[in-house]
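Trainee: Fit chain R to the supplied structure of chain E, relying on the hints for placement.
Taken in sequence, the protein lines are chains E and R.
When we follow the numbering used here, the leftmost residue of the first sequence carries the number 4, and every step to the right adds one.
When we follow the numbering used here, the leftmost residue of the second sequence carries the number 4, and every step to the right adds one.
Do not rely on the hints blindly, as some may be mistaken.
Computed Cβ-Cβ distance ranges for the label pairs, DEER-style [claimed, not checked]:
id, chain 1, residue 1, chain 2, residue 2, range
1, E, D62, R, G27, 18 to 26 Å
2, E, R66, R, D75, 35 to 43 Å
3, R, D89, E, D140, 42 to 50 Å
4, R, D72, E, H97, 32 to 40 Å
Covered stretches of chain E (in silico footprint by chain R; criterion: 3 or more residues with CB under 8 Å from a CB of chain R, positions within the stretch not fixed) [said to hold, decoys possible]:
id, region
5, 40 to 46
6, 114 to 127
7, 141 to 150
The set of hints was computed from the structure by calculation and includes no laboratory data.
Using N, Cα and C, we set each Cβ at its ideal position, and we do this for glycine too.
Here is how the chains run, residue by residue.
There are 2 protein chains.
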Amino acid sequence: MSLQVADLRDGEVTGILPSGFDAGLYFIGRIQTPWRDRSACPRRGDPVSGPNCRIELFDPWTRALEGIDRHDNLDILYWMNQARRDLLLQAPRHAERTLGTFALRSPMRPNPIALSRVKLVTLGENWLEVRGLDCIDGTPLLDIKPEHCPNALTPGA
Amino acid sequence: MSLQVADLRDGEVTGILPSGFDAGLYFIGRIQTPWRDRSACPRRGDPVSGPNCRIELFDPWTRALEGIDRHDNLDILYWMNQARRDLLLQAPRHAERTLGTFALRSPMRPNPIALSRVKLVTLGENWLEVRGLDCIDGTPLLDIKPEHCPNALTPGA
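Pulled out of the complex, with its shape left as it was, chain E reads as follows (with noise of 0.2 Å):
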C-alpha cells in the first residue's frame, strides 16, 4: 500500500507514526461478508435487516466458542487492514467539517480495529452467522465477545 499526500482531502492532517509496535495481534479468523470493496460497505452494519455475514475461525479458536449461544448479541472486533493510520484530522463526506479521528469511526485510525455489535443467527462447528456487519470480504477476525447489557448506561434498566 502506497500513500500519498494527493490521498488526503482539503483539511485532513496526518501525524508521524511511531517506529516501532508495542504489542501483537493474532488474526484468529476469516469474515465472509457480500462486498468486495469498501466503496461497497454499508457505512454501518444492520443487525435488524443487514445481510447474514459467516465468520470462520481458525484452529485453535474453534474451541473457544462453546457456550456462546447462550448469548444474542456479539461484539466483533476485527482488523481493517486496508485503512492508513496516520491521520489525525478527517474531513468525512458526511460530515459538515473536519474532525479530529477519535470523534469518528472512520476505519482510519492509529490501530484499525472494528467494532460491530452483531445479532447471533446460527452457530457452527467451526463459524457462525451474525447479523450486523459492515466490512469487506475476507476482513481478518481479532475477538468475538458476549454483549454488555445494552442498556448499561441507564440506572435501573
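Mentor: Just chain R now, with coordinates in the frame of chain E:
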C-alpha cells in the same frame, strides 16, 4: 510473565499460540484508574456511579480528540497486557461451568483487547476524564470511538 500449568483451574484448556503475530498495535495513551492490581478491579465498569478515570493521550494523537465533546458516550479500547492469551476454555469464579473464551468477557483471550462504553465527563487538551472503566492503573490505550446509537439493535428506537 511466566505461565505455568499450575496457573490453570480445573477444566481450563489451552491451545498452542501461532509462532508469530499478524499485525502490530501502537499504544496511543495511558489510563489512570484507582485500581493497582487485577484483584482490585471491578468486574465491569459502571458509567453511572463508578469513579472518574483519566485517559492521557501521547503525541501526536492529542489533535485527534478534536470534536469528541459532541459525544456523551464513548467506546474505549485498551490492552490487557497482563492477561495470558492461550486459554480456550475458562472456569471463571462467577460461572457455574467451564465456558469458551468467546462466551466470556474475561481479559484472557487471544487478542486481549478490552472494550468499555464510558461516559465522557471532562475533555482537556491532551486528556479526558471518563466514567465506566474497570482496568488497572497504567493500562495502555488503543482507541477511542464515539458510540453507535445504544439502541441500534432495537428497530425504531
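Trainee: Count the residues of the region 114 to 127 of chain E whose CB lies closer than 8 Å to any CB of chain R, then report whether that count reaches three.
Mentor: Check passed, 5 qualifying residues.
Trainee: Against chain R, does the region 141 to 150 of chain E show at least 3 residues with beta-carbon separation below 8 Å?
Mentor: holds (count 6)
Trainee: Take a look at whether the Cβ-Cβ distance between R66 of chain E and D75 of chain R falls inside 35 to 43 Å.
Mentor: holds, 39 Å
Trainee: Check whether three or more residues of the region 40 to 46 of chain E sit with their beta carbon closer than 8 Å to a beta carbon of chain R.
Mentor: Coverage by chain R is violated for the region 40 to 46 of chain E (0 residues, Cβ < 8 Å).
Trainee: How does the Cβ-Cβ distance of D62 of chain E and G27 of chain R compare with 18 to 26 Å: does it lie in that range?
Mentor: holds, 23 Å
Trainee: I want to verify a distance hint. Is the separation of the beta carbons of D72 of chain R and H97 of chain E within 32 to 40 Å?
Mentor: violated, 19 Å
Trainee: Do the Cβ positions of D89 of chain R and D140 of chain E conform to the proposed distance bound of 42 to 50 Å?
Mentor: violated, 29 Å
Violated hints for the displayed structure, listed by number in ascending order: 3, 4 and 5.
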